[in-house]
Amino acid sequence: QQPVQSPQAVILREGEDAVINCSSSKALYSVHWYRQKHGEAPVFLMILLKGGEQKGHEKISASFNEKKQQSSLYLTASQLSYSGTYFCGTLSSGSARQLTFGSGTQLTVLP
Amino acid sequence: NAGVTQTPKFRVLKTGQSMTLLCAQDMNHEYMYWYRQDPGMGLRLIHYSVGEGTTAKGEVPDGYNVSRLKKQNFLLGLESAAPSQTSVYFCASTRTAYSNQPQHFGDGTRLSIL
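Chains Z and W, in that order, are what the protein sequence lines are. Quick note: the first sequence uses my numbering, first residue 306, plus one each step. Quick note: the second sequence uses my numbering, first residue -14, plus one each step.
If we strip away everything but chain Z, and leave its shape as in the complex, we get (with noise of 0.2 angstroms):
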């Protein structure tokens, strides 16, 4: 079952901040997050572990919920080049070798 993002899209302005949610149903080993400009390939931008601290990369970090089975990737002080729309990957109990990716959250970022 695909976890639910939210929101579907996001407009900012430079230097305001957004967060993005990810939950799931089932229990999960990890969750994963992507970022995607239109037009490329899913970029990686950090894994967050069952068990594990919250990540951080450059002014993005994220956060995992074990009891609510939810992730949240944090933009801060977001900047043009944060544009594009970010995917949640989960691993959970019975798809273990199989990344289930959200529908995905637009983010546009304007000057």
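Mixed in with the good hints there might be a few duds.
To give a feel for the contact side, a few chain Z residues facing chain W, derived at Cβ under 8 angstroms [said to hold, decoys possible]: (1) F392; (2) R402; (3) S408.
To be clear, the hints were calculated from the coordinates, so they are not data collected in a lab. C-beta atoms are modelled at their ideal positions from N, C-alpha and C, and glycine is treated no differently.
Fit chain W to the given chain Z structure using the hints.
Positioned in the frame of chain Z, the structure of chain W alone reads:
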């Protein structure tokens, strides 16, 4: 430093034609995947392989076949193309299936079926 290479990048087919998409990785990864991406649908897994000579079905396998005769190559075949298979196809690979391994994606193949 090629990573994951997909061939071809673009292709237009007529309904009923067949074709093979090639994915090659130079990272000695065990696991390889084929996804399709349609607008608003995210990435959906077609087939995957956990090692040379192995293949397994993903979420949307119907109408596709795959082969992994060599560790570095993963082929996706369409035996009789249908308009519903118009999509962008991505190949990905990962070292193992452990939770902490990221997937590396190719640049995609844009396929149109007329």
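Here is what the structure says about each hint:
Interface restraint check for Z/F392: the shortest CB-CB distance to chain W comes to about 6 angstroms, inside 8 angstroms, so the restraint holds. Nearest Cβ of chain W to the Cβ of Z/R402: about 4 angstroms, under the 8 angstroms cut. The hint holds. For Z/S408, the shortest C-beta to C-beta distance to chain W is roughly 4 angstroms, which falls under 8 angstroms, so the interface hint holds.
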